[in-house]
Amino acid sequence: MRLDDTITVFGYPDIGDTPIDVVRGTVSGFTAEARAGDRAWLRTNAPIPGGMTGGGAYNQAGRLIAIPTISPARVAGEAIDCRGVHDSNGDGQVDSRDICIPIGGFISALRPANLARGLVRAARLGITLAEDFAPAEFAPSSDPPSFSRLFTSTGVNAAGMPINVVGRVPAGTNSLYLFFDYRNLEDGMIYELRTSINGLNNPNFSLPPVTWSGGPRGLWYIGSSGIPWPNGVYEFTLFIEGRQVASHQITVGGAPEPTPRFSDISFGLENLQGGVEGTNFILPETNIVRARFNFRDMQNDLPWLQRWFYGDQIIAEIPGTWPEGTQGVSTAAAISSEVGLLAGRYRLELYIGETLAATSDFVVAGGAEAAQAQIFDSFVFAAGEIARQPQPPIGQEFVGGLQRLYVFFNWRQLSQATPWTWRWLVDGDVMFEVNTFWASAPTGERYFLALEGRPNLPDATYTFEIELGGIVVESVEARVGLGQLPLGVFASAEGVQLTGRILDAATGDGIPGAIMILLLPEFSVEDFTWDAQQILDVALADERGFYQLPSLLARGTEDEPLLYSLLVRAEGYLPMQADGIPVTPSTQSPLTLNVELNQD
Amino acid sequence: MWLRGLLCVGLLLSSGSLALPTGHAQPELRDLDATAQAIIADMTPAQRVGQLVVVTFEGTLPSTTVAQLTQDYHVGGVMLLAAYQNIAGGANSPAQIRFLSNELQSGVYSAAARAGLPYVPLWIGTTHSGDGFPGTQITAGTTPLPSYLALGATWEPADARLTGRIAGTELAAMGINLLFSPALQLAGPASAPGVATFGGDPGWVARLAEAYFEGLLEGSETRLMIVAEGLPGVGTLPALPGDVIPVLPRTLDNLSAAELRPFATLLADAAGPMGGVQCANLRYLLPGTHPASQPPLCLDEPRLAAVLQAAEVGLWRVDGLLMSDWLGSEALQEWAQDARFPSRQVARDALMAGNDVLLLGSPTPTDNPFTLEVIADTLAFFEQSYNSDPLFKARVDTALLRVIKRKLALYEGDWSLPQVEVSSEALAQVGRVQ
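Residue numbers (this note's numbering), protein chains in the order written: chain H, 38 to 637; chain Z, 3 to 436.
Same shape as in the complex, but just chain H (with noise of 0.2 Å):
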């Protein structure tokens, strides 16, 4: 998708039985996240209704490219935006005494469909994540969950650091991106940044309350780039579960000014001349780290800070005066311990003056191999698992029809509490992913995880990555049958086509614009609930009446036939439903059923 681009959305407006509704409008811009990089979310100015969350948007080749994504939105745990649906108090009236039912606000961002695709891919694959090692996990900590430390840059590196610090850029930037620490935040948890130019709430530049995914601490960030971000004062305020916790200021206008300035922090070790070895984000355990960074417009004499830490922890504040001229690379950086650094999550601060310029994460971990951190190896393959070993066959190439398949490893100076991510990759595509912290202890033989086939894993090549401060440390592959998944395991289109007219039963014409929801055979009428979870599929009929819907209906056996419910509405037409369409294998496709509606 890009700029511009027209969206047509789908979905239901409303809690009950309102018709499914049909919003258009174009790509205003994109929003950046932490882990999911420059798209994690997709921004319209199509006017969506909060109710539409769930539903699907689509591009002019009619591919779903994005979904409605917002969570209600509280203050302080109160919806502030709600509506009564149904009579809660018995009294005959659905009104303001009724139960309020949270239904959030207009929707402007969408998540793209792509970072769905892996799950429903797996889904379909019958592929699950079987047993893993599983060692204990973190207790929850007591404490509130907090953002704090908000700054601003003008970039992000792969590694998802910021480039720079600003606190004010000239016009016409069109790359800022706010970042924030989180502490204390769990899964599921709703977050929101609204964003505010000269006072007034902007939602292009805001991100509406959605779902936490990030784990419990970290380095996190909300911003966008290629956009050009209009002059003003713009005040950013981050909320979690609608109480407000942190804010942030930061003027956009005026020519750009020659102030002195820090940028792309990356980190290596010394080497026998004192200069830098690697440029990496994960070091292995040392005596001596030392920064590489670049530095513009500064004067000889300025003061400046070095602010290392441990954790959370201040380990060592350097003060100095600038030695090294106008502009740069400079190595002046550096942090040392006679016994070493210790295995774990480090940060500098660079400050000129009093004024934090730029600042970045790195992780210590693993032993040295050249410049690099080694810290897992020994990875192994195996169809099985007894008390932590691996069981076979063993290796990278296996025939096919394995149920499980395991990965171990061994790992080595990895302090618990570090953030890490894994995910499988089945023929090049991720499956699951998963962000979480080291809970074992720092050094160990044999961590497994493992996936599972139901019956059996497919033909494919299963690769296992582990990602750390944003790179890739590991990748390793295995080869299950032939390597590559069926052809057309995606693209299988067997069953039934349902397709048709919805006409007036009045006159027998057609009916433009009415509505065919097909719901998932294991709902009826009954159950349904407007979920979007629960419709299989929506059609809209033509300016005749007729309709296709776009999916193809799953058969079930002779003697077990899948049912399947619709529902048909249209304005002005009283709605239609009906229980208990069989499709069996000798259904015949396309399958055509033809609707009569009732004028209301």
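Everything labelled a hint here was simulated from the structure, so no lab data went into it.
There's no promise every hint is true.
Stated by the list, open to error - To list a few chain Z residues with every Cβ distance to chain H over 12 Å, as calculated:
#1 Val197
#2 Asn256
#3 Gln339
#4 Thr366
#5 Tyr413
#6 Pro420
To be verified - Computed, partial: chain H to chain Z, Cβ under 10 Å:
#7 Arg154
#8 Arg460
#9 Leu462
#10 Val463
#11 Gly465
#12 Val467
#13 Thr498
#14 Leu519
#15 Gly520
#16 Leu522
#17 Pro523
#18 Leu524
Cβ coordinates follow ideal geometry from the N, Cα and C atoms, glycine included.
With chain H fixed as given, assemble chain Z onto it according to the hints.
Chain Z alone, transformed into the frame defined by chain H:
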């Protein structure tokens, strides 16, 4: 080892068992069985499976990549396409193409000699259907030729024959020995074939295409393997298969009555001018089945077999080659919907569906999933399957015999390098008919 193959050829020639007319003329294919079998016997499994694929490469020079493909992986042929920058452009294009084709052939020849393996000439293919680009790839320096539709409008087979003769002369002079032609396509209500069709009447299309093909063979002195594109016919498609596998709004009965008739007419003569036909990656209507549930035709063994039967291939199929459509096309990638293109399975299914030669590539390099590594992996998989799967081996052997016989026939059974390479004198004929 490889001498044995050539020795057999020599014996056949000297024994006079091939009734060769003066000049170049293709020998009877049935007489080449023993020769082909003898050559195949000396080929390694890697060579055998490699011969069944035709690939693309980028650049105007015999690069390391194409050298690896042709010499190390023994691919059977390459396509020269403007999109791959294989054609330098400008008036010197014919000379550049001749240089490139000669270099490719001599490279394979030398590599085979070094390895003690039989030398099998490469197919060097392109398209050249007139009316400039994109129907014609080598536009600069060659004689500008009218479109098939313009020729069809003359209702004059002699004009089609003459045009074919010019094209055949010029292609052969550049070392091109494999030509994909859409000449058997019927103009339909939609516009897919564009002007690359002789018209909408099956009888006339067949007649004009036959004259055109005969002209190609005359001009090239039978040094051209002609492949008719687009089986079972794309005339009713609004556009050629692009980013999706299209559904032909026709049943097999409909196709037999119209689009397949030009194919049937020309294939009725087993010794006719066409050496091969190429299936199109599409679907057609099959009562009771939703088209979307069908794989693309080139990968669909039962439906492809039904199409061949409806095209009345008959005896022609004994030695006639079936070539696949582009197996790395955007449409196939979209259909597979796999983040890592399932190259092994696509290639295997295409072969097992009946294709003798597989086009491992895409019409444009930007979306071509068949990189050198992927081709190498696919061929390694083929080799492994050849050694372990009797059904696969049988299919390879059948296809390979057709390929080797067709290549033998191109050069009257003489694969010596002077016979395969083209001389610079021949270039004098290129682009002279204005």
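Hint by hint, here is what the structure shows:
No Cβ of chain H comes within 12 Å of the Cβ of valine 197 of chain Z; the nearest lies about 28 Å off, and the non-interface call holds. Residue-level check passed: asparagine 256 of chain Z sits 19 Å from the nearest beta carbon of chain H, beyond 12 Å. Not every C-beta of chain H lies more than 12 Å from that of glutamine 339 of chain Z, the closest at about 4 Å, which undercuts listing it as non-interface. In this structure threonine 366 of chain Z is separated from chain H by more than 12 Å, as the shortest Cβ-Cβ distance comes to about 19 Å.
The beta carbon of tyrosine 413 of chain Z sits about 37 Å from the closest Cβ of chain H, which is more than 12 Å, so the claim that it is off the interface holds. At the 12 Å boundary, the C-beta of proline 420 of chain Z stays outside the reach of chain H, the nearest C-beta of that chain being 44 Å off. Because the smallest distance between the Cβ of arginine 154 of chain H and any Cβ of chain Z comes to about 9 Å, under 10 Å, the interface hint for this residue holds. Proximity of arginine 460 of chain H to chain Z is violated relative to the hint, the smallest CB-CB distance being about 13 Å (cut-off 10 Å).
About 8 Å separates the beta-carbon of leucine 462 of chain H from the nearest beta-carbon of chain Z, less than 10 Å, and the hint is met. Annotation: valine 463 of chain H was flagged as interfacial toward chain Z, and the flag holds, the nearest CB pair being 8 Å apart, inside 10 Å. At its closest, the beta carbon of glycine 465 of chain H sits 4 Å from a beta carbon of chain Z; the interface hint therefore holds under the 10 Å criterion. A cut of 10 Å between beta carbons decides the hint on valine 467 of chain H: the least distance to chain Z is about 8 Å, and the hint holds.
Hint status for threonine 498 of chain H: holds, given a least beta-carbon distance of 7 Å to chain Z, under 10 Å. Here the hint on leucine 519 of chain H is kept, as its CB sits about 6 Å from the closest CB of chain Z, short of 10 Å. Satisfaction of the interface hint for glycine 520 of chain H is found here, the shortest Cβ-Cβ separation to chain Z being roughly 7 Å, below the 10 Å cut-off. Taking 10 Å as the C-beta cut-off, the interface hint given for leucine 522 of chain H holds, the closest approach to chain Z being about 5 Å.
Hint on proline 523 of chain H holds. Least Cβ distance to chain Z is approximately 7 Å, under the 10 Å limit. Given the 10 Å rule on beta carbons, the hint for leucine 524 of chain H holds: about 5 Å separates it from the nearest Cβ of chain Z.
Violated hints for the displayed structure, listed by number in ascending order: 3, 8.
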